[in-house]
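Chemist: If you want the building blocks of each chain, they are given just below.
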Amino acid sequence: MPPSAEILPGTLDMLILKAVSLTPLHGYGVLQRIKQISGDALDIPQGSLYPALYRLEHQELIEAEWGQSDNNRRAKYYRLTSAGRRRLRLETAGWNRLASAIALALNATGEER
Amino acid sequence: MRLLVGMRSLLRLLRHRPSFESNMDEELRFHIEEQAEEFLGQGMGREEALRRARLAMSDLNTVREECRGSRGLLLPGRVYGQCRYALRLLRKSPAFTTTALATIALCLGANLAIFAAVHSVLLRSLPFPKASRLVALYNTYPRAGVYRDGSSVANYYERRGGKIRAFRSASLYYAGSAILGNAGPPVRIPLLGVSPEFFSTVGIPLVAGRSFEEGEMDPGRDRVAVVSEDFRRSHWSSRREALGAAIRIDGVDRRVVGIAPENFRFLSSSAELIIPASSSPERRRSTERHSGGNVMQMVARLNDGVSLSEAQAQIDAQNAALETNDPSAKEMAAAGFRTAVVSLHADHVATIRPFLLSLQAGSVLLLLAGCLNLANLQLVRGAARVREVAVRRALGAGSGAIVSELITETTLLTLGGSAFGLVLGWFGTQWLRSLGAERLPLGSGISFDGMALAVAIGTALALSVLLGLPAALLPLRSDLQGALKSESRAGTISRPAQRFRYLLLAGQVAFAFVLLTCSALLGVSLKNALAVSPGFNASRSVTASISLVGNRYPNAQSGLLFTERAERELLRQPGVIAAGFATNIPFSGYSGKSAATVQGYVRHSSDSPHGHYSYGVAGDYFRAMGFSLKSGRFLDAADSRRHERVCVVDDDFARFYWPGRSALGQHLFPGSAAGPDSEAFTVVGVVAAVKQASLTDPERTGAVYFPFIYRPQNNLFVVVRGVASNLESSLERSLEDAIHRVDPGLAVTGKLPAQARIGASLEVRRSPAELGVLFSVIALLLTSVGTYGVVSYAAALRRREIGIRIALGARPSQIWGYFLGATVTWLTAGLLLGAGLLLLAAKAINSVLFGVHVMDPAALIACAAVVICLAVVACVAPLWRAGRLSPLETLSEN
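Protein chains in written order, with my numbering: chain A, 365 to 477; chain B, 5 to 898.
The following block holds chain A by itself, in its conformation from the complex (with noise of 0.2 angstroms):
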């Protein structure tokens, strides 16, 4: 298993917004969802994973419905609203924005010099 990286603040939001925007998915599908598209690298602490999404449910970025789990068990579902799809191609487009831009930050070479 790769080393798994510290979630940056702030990003928590934007990745359960990116993992339920695929399909519906419960809490514990969440969390294996961001494991599983970030390549096993990102652990999402489980202590911050309800807050969050008590969180995004509040601000009607993401509403939940109780459904049926694969073995047949009472799980709550939550899928994207279409005012968290907004959020998630802004979020998505700012993050690219920040990422390429440190990237270009870290990569400049001293030709200042």
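Keep in mind the hints are simulated off the structure, nothing from the lab.
If you're wondering where the values come from, they're calculated on a predicted model, not measured in any experiment.
Every beta carbon over 12 angstroms from chain B, so not counted as near; a handful from chain A, in silico:
| # | residue |
| --- | --- |
| 1 | Lys382 |
| 2 | Thr456 |
| 3 | Ala465 |
| 4 | Ala467 |
Which residues of chain A face chain B? A partial, calculated answer using Cβ under 10 angstroms:
| # | residue |
| --- | --- |
| 5 | Gly391 |
| 6 | Leu395 |
| 7 | Gly411 |
| 8 | Ala416 |
| 9 | Tyr418 |
| 10 | Arg419 |
| 11 | Ala428 |
| 12 | Trp430 |
| 13 | Ser433 |
| 14 | Asn435 |
Note that the Cβ used here is the ideal one computed from N, Cα and C, for glycine as well.
With chain A fixed as given, assemble chain B onto it according to the hints.
Modeler: What follows is chain B alone, placed relative to chain A:
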């Protein structure tokens, strides 16, 4: 916008709260089980998998908390969650919860009820506009034993109408009673006599008509009256009809000139009839300025910006100026004469103040004891949770969350207890009201109002914080590792914590001890007072008062004639063996004193003149009242008809003026000056001194009794003595019948056995003593509970240590001794602290005691013994369990 979202979800929450909580729990459970499934798949055991899954989630309570917070509902959500949690914990320990609720309810209820009385009577200002500007004036002659002599008519005329610059207005009044109308059975109703400026002075404007005029203060021209609106309504259909209407008061027709507002009430007087306080020119002379007799009173309103001391200074200056040409000035100065100017409110509540304050002090002590007890129980509970708290903190729970949890618990407890306390307080107020509405100066106004409620809520909140804080802080302070290790494994407990618990216990013991001792001392005082002989044999006498009013009693002769006929009639009643009349009787509630001049007695210049009780008697008064004769003879009915002037003195009087000599045959004059020898009264008898005002009267005042004709008065007491003591009710009936046979127009009021009058005079000692006993019992119970709690906790914490000791051969008695030693040490500390508190308050406490001192060794030792016994009894059960611990069990527990 955000606010709107918040509001919406708050509404949603309130509607769906239970489902929100259960949904959240279900979701989190699902998560943990899914996680456990995965661990199972990795080849872990079921138990291990679940454990790891829970660990991954960290502190579940914190997660829940944050989830609630994420919904933007931190406060209501948190409060709701914590209340639920606290309620669950409280339900789990019913004994603690019940004790706590009962303690708070009792302590708060007692305080509330008494505070309502204190507030209504002592704190709330009198119901007049700018009541703080009203002052009472009264003459006092302390060195003659006359502390309050009211004001004389002369005083009023020399102080009114701007003569004292400090007063905006000054007014004269007296409270009396009168018979209304002339048809039907005569009934006495309360009445107020006032000077013209009375209504403007106290600030009660009339609702119709006018107040009295200057000319209406002269006898003969005073046939006018003011009635209250309530009185008007029950007699006339309209105000117009009432004004100018005639009304017969005490057989005299008066014209209604004014109407006072509804519910008119001046201090203790509920008079609905007000008449002019008229006076003859003789009574207005300055030579009459010392003849107050505590009937006439003065009330004045201070000018704005004038202080009480300025008014006092002006009155003092005026007195000094007037005394320069007064022949009796020297004598009055020797008697310590001065005129006191005091706030009307303070004057009005002066007698009830110590009584109410001592009750309040007692209930505050009870509250303190209760608080310490609860704090202690909370600490014991808190300590039991130290490990739980430590574990949760290790898992990441914030200390804020834990503190607020504990505070929530105590807040719930105090609020619940306070709710019960409010109910109890309300009942207590009703009880206090029924107990002494008439005896409390402003008693009719005792109410459970906003102020009392505010104090209740404030006290409750302060209590919850006070109780919650130590319990909440203690587990937090102890370091995690220490807590996890020490209280469980090493078998020793954190010493500061246990010391603190014992300290609280000691404080509680101190308060309980103070309460117990005070009520014991009050009880002893009551017993001492009861043991004092009133000086007469009251057991078979019945008393009543009558007032000889109307045209049939124009002079002393007619009064005398009435007493003679009434005595004959009374003696004809079955069971009556003696009947008599007096202008005042013991325990009547009146105790005016006057001067007497003894022939041949020269007062040393250092001595002050003495005030004596000086009454007129008719019929066979002394035998009827049960006086005992020391020498000579009693006065009898014939003495009023004899040419020789005779009198009877009591042995205090005799001992004062003729020490070591016989009083019989000596001569004296009523008043402060000797007259011609022909007017001297010869002492023909000496009777035993009787108590006049109360059994605890400290002074030997001395009394002179004159034949009625020489000291006539229209207000009379009638006394009959029966052959046996169980005839009281039939005696009361016969008394009234006989009087009515002589004059059917007379009202017979205040029919009371003489013994009942004595009993009533002790009420002011009895009720604090009884309440004190109640409070002490509660405080002692609380102390027992506290002791039990602390000791059983100490024993529980040391189970391991005790197990080791027993394993090493310690006998149960040694274990017991070990714990008892610590408990007794702290008990002693508490008792010493209590004794210190008693010493500090010694002066205040002594002032309400009678015949016993606050440091009475017997009372102190007995009370200390009671406290110690109770505490030791409370230790028995936990120690018995400790001594019988099986070492095997305790040592294998961890």
